[in-house]
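S.K.: Sequence:
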Amino acid sequence: MTYAIIALGGKQYRVREGERLLVDRLPYDEGKTFHADILLLGGDGDARVGGDLKGEQVTARVAAHVLGEKVIVGKHKRRTGYRRRNGHRSRLSQIEIQSIAKKAARSSTTKKTETAKKAEPAAKSGSGAATAKKTSKKAEEKK
Numbered sequence: 001m002t003y004a005i006i007a008l009g010g011k012q013y014r015v016r017e018g019e020r021l022l023v024d025r026l027p028y029d030e031g032k033t034f035h036a037d038i039l040l041l042g043g044d045g046d047a048r049v050g051g052d053l054k055g056e057q058v059t060a061r062v063a064a065h066v067l068g069e070k071v072i073v074g075k076h077k078r079r080t081g082y083r084r085r086n087g088h089r090s091r092l093s094q095i096e097i098q099s100i101a102k103k104a105a106r107s108s109t110t111k112k113t114e115t116a117k118k119a120e121p122a123a124k125s126g127s128g129a130a131t132a133k134k135t136s137k138k139a140e141e142k143k
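Residue numbers (the numbering used here): 1 to 143.
The set of hints was computed from the structure by calculation and includes no laboratory data.
Among the clues, some could well be false.
Distance condition first, Cα-Cα at most 25 Å in a straight line; then the derived BS3-like pairs of lysine-lysine [unchecked claim]:
no., residue 1, residue 2
1, Lys70, Lys54
2, Lys32, Lys11
3, Lys70, Lys11
4, Lys11, Lys54
Distance ranges between label pairs, derived from CB positions [claimed, not checked]:
no., residue 1, residue 2, range
5, Gly43, Gly10, 23 to 33 Å
6, Gly51, Arg85, 22 to 32 Å
7, Gly51, Gln12, 14 to 24 Å
8, Leu67, Arg14, 15 to 25 Å
9, Arg61, Gly81, 48 to 58 Å
10, Tyr82, Asp44, 55 to 65 Å
11, Tyr82, Glu56, 48 to 58 Å
12, Arg91, Gly51, 27 to 37 Å
13, Glu19, Lys77, 41 to 51 Å
14, Asp46, Arg78, 52 to 62 Å
15, Ile72, Asp44, 41 to 51 Å
No residue lacks a Cβ here, since even glycine has one placed at the ideal position from N, Cα and C.
All chains, full assembly: derive it from the sequences and hints.
M.R.: Put into structure tokens, the structure is as follows:
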């Protein structure tokens, strides 16, 4: 079974197609799809990392925005009667992994123009003053 390691919100997750997982709140609306770059792709005894994965992405859908379980945090100091109790619920997004696939190839609609530049002969190492004169002449012409 193929799996992928992706990064979302500064954390890394191991995902498979069809899997649902809870991640930190994402800036997408419910029902929207998004893409995440693959850090590692594995399965069937082999794994690919880095440059081998250029252009491959995971497509996922935001299923819901939910609140996590309540976490209670308390602190106290002994013998003084000092007690504080706080709590919070993390804001999470439930996502569903739709596919682990290669990025679709872009169709080139813009014409590429090739400009052939004439190669100028390389200046000798002792001709630093000559190049300075050329630039100063150009600067004078602009004025």
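S.K.: Hint numbers the structure violates, sorted upward?
M.R.: 1 and 6
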